[in-house]
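Participant: Residue strings, one per chain:
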Amino acid sequence: MAEMEEGIQRLGRQDRAIANEVQKSVRERRPLTLRRVITNEYVLHVVSAAAFLTLWHEVAASGVFKGGLCTPWEVVVRFRGLLTDTLAGLTLWGHIAASAQRIAIGFVLASAVAIPLGLFMALNPYVNAVVKPVFDIFKPMPPIAWVSIAILWFGVGEESKIFIIIIGTFVPCLLNAYNGIRLIDPELYDVVKVLGGNRWNEILQVSFPASFPAIFAGLQISLSLAWTCVLAAELVASRSGLGFIIVQGMKFTDAALVIGGMVMIALVAWLSSLLIAGLEKLLCPWRRDIRDL
Amino acid sequence: MAYEEVKVRKPLGLILLPFFSVVCFFGAWELIVRTGIVPATMLAAPSDVGALFVDKLTNPNPDGATIFVHAWVSMQEAFLGYLLALGIGIPLGLFMGWFGVVRGIARPIFELIRPIPPIAWIPLTVFWFGIGLWGKVFIIWLGGVVPCVINAFVGVRMTNPTLIQMARTYGASDWQIFKTLCVPSALPMVFGALQIALASCWTNLVAAELLAADQGLGYLITMGRRLALPDMVVLGMVSVGVMGALIGLAIDEVEKRLLAGIRR
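If you read the protein sequences in the order shown, they are chains A and B.
Under this note's numbering, the letters of the first sequence match residues 165 to 457, in that order.
Under this note's numbering, the letters of the second sequence match residues 1387 to 1650, in that order.
I should point out that these hints are in silico values taken from the structure, not numbers from a laboratory.
Treat the hints with care, as some may be off.
To be verified - Capping the alpha-carbon separation at 27 Å, the derived lysine-lysine pairs in DSS-like fashion look like this: (1) A/K296 <-> B/K1642; (2) A/K415 <-> A/K230; (3) A/K357 <-> B/K1393; (4) B/K1396 <-> A/K303; (5) B/K1642 <-> A/K303; (6) B/K1565 <-> B/K1642; (7) A/K296 <-> B/K1393; (8) A/K296 <-> B/K1396; (9) B/K1642 <-> B/K1393; (10) B/K1396 <-> A/K357.
The task is simple: from the sequences and hints, build the whole structure.
Facilitator: See below:
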């Protein structure tokens, strides 16, 4: 088994392993024609990105949207300025830190409660019978619908934002931990039973390791949801954060501020999801990736 | 599975516990509001919410429309955005999965737009479309199109390569392979996208209405907050939840009918 895994890892990029079949493919040397160059994926990437930026620039410069759109270069200039200048008392770094702090607190609190709860629900039918119906009532409510009630309860301070993040991240964390265990192949449990293990062995040896990938998938989903939630909360009422930058842009019809804020959020959200992916590689190396995803 | 499934009767406790827990939940909710542990300015008891619902069936005040009108407006926006997302996202994802040229062109733009939460588009949308129907449809569309593209793309990429190679051996063209192999094998993933996209559309609907609307369930919630009427906020939340769940169930049913016989 170990040899096979090693063998699969040694295969080059061109080879694919699906289930237990390994397919070798050989790269053939074809003449370099214009057609091949044009249809090369990486060339197309560059072409399409360049076309996108040019189109954006042209549309913005033509003034169809008046103040509603600005050229890409204006966004860069505006945000280079924000690195040192302040907006409502904070530089760009300060706003990023404000949003990131809210996310970190809410995310950690929610996952610390939701993951164990999800595991318990899947492992114990009685816990499931008590929690699941109540959870099912809350599940279909979009987290953003909680913004209003959070403000009624906690005012416009930090607590209401963290509360919304908790609400938003709780559902996918719990669902994935729950399904991660429920969808384990029952034959794996049979193996433990045949080898003379008890329930505790089943949980430690099968349930936890097998549910890890699902849990991490849940963390990824909830992280991106957390950014959506923090944004919604900050759009409604805040004095700091990336959502606040966007709202300021909206108030003063400053498209550079709005677009720059959007790009920053995309960037930070992307970086934080890389962080989770790295953590996952570190903590559960047994996860098999679907290639080219 | 290699063994016969044995039907085990659930113990009585397991059958009764779910009902017990729901009753307890609503009971506790009603109690903490009635006894004043949570002040009535912050949370409304379930009975108050029910009474407001009955009242809102006919009474358009104080937010300007009956609950049916709000729900109908929201439904319209959500379905327009959802259908547009399906109509554009699924073909795009399928093509991106199989044709290198489409992938090369669409991928950079898609990767650029994907990590931006749809809510972040609200200000730009307001600049471009105003606060009318199409602005909200645009936000909802953005929320729905991303999962559609990703799922259709992954579905095509997960086609069994052995089948593709066999088709090639028999001389099938790229288009034939796409049509007869890739699309059917991507179908289960595509149907998965229907549910995900719906949830995403529904979330973004509330967001869009939260910031820029004059009708709709999200607007009902916002008005409830502005007027400090917790029963209206809760009614809005519950209506959004219930409608989302109902539509989800309907799509589940459609999926079961259409996918009968296709391996999951």
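Participant: Does each hint fit the structure? Answer for all of them.
Facilitator: Now for the hints, and whether the structure bears them out:
Proposed proximity of A/K296 and B/K1642 is supported: the alpha carbons are some 24 Å apart, at most 27 Å. This hinted pair checks out: A/K415 and A/K230 have alpha carbons roughly 15 Å apart, not beyond 27 Å. Between A/K357 and B/K1393 the CA atoms are separated by roughly 20 Å; this keeps the pair inside 27 Å, and the hint holds. Only pairs whose Cα atoms come within 27 Å are accepted, and B/K1396 paired with A/K303 is accepted, the gap being roughly 25 Å.
In summary, the hint linking B/K1642 to A/K303 is supported, as the alpha carbons are separated by about 22 Å, within the 27 Å threshold. At most 27 Å may separate the alpha-carbon atoms for a hinted pair to count; B/K1565 and B/K1642 meet this at roughly 22 Å. Between A/K296 and B/K1393, the direct Cα distance comes to roughly 22 Å. Compliance with the 27 Å bound is thereby established for this hinted pair. Between A/K296 and B/K1396 the alpha-carbon distance is near 16 Å, which keeps this suggested pair within the 27 Å criterion.
With a C-alpha separation of about 24 Å, the suggested pairing of B/K1642 with B/K1393 holds against the 27 Å cut-off. Only pairs whose Cα atoms come within 27 Å are accepted, and B/K1396 paired with A/K357 is accepted, the gap being roughly 22 Å.
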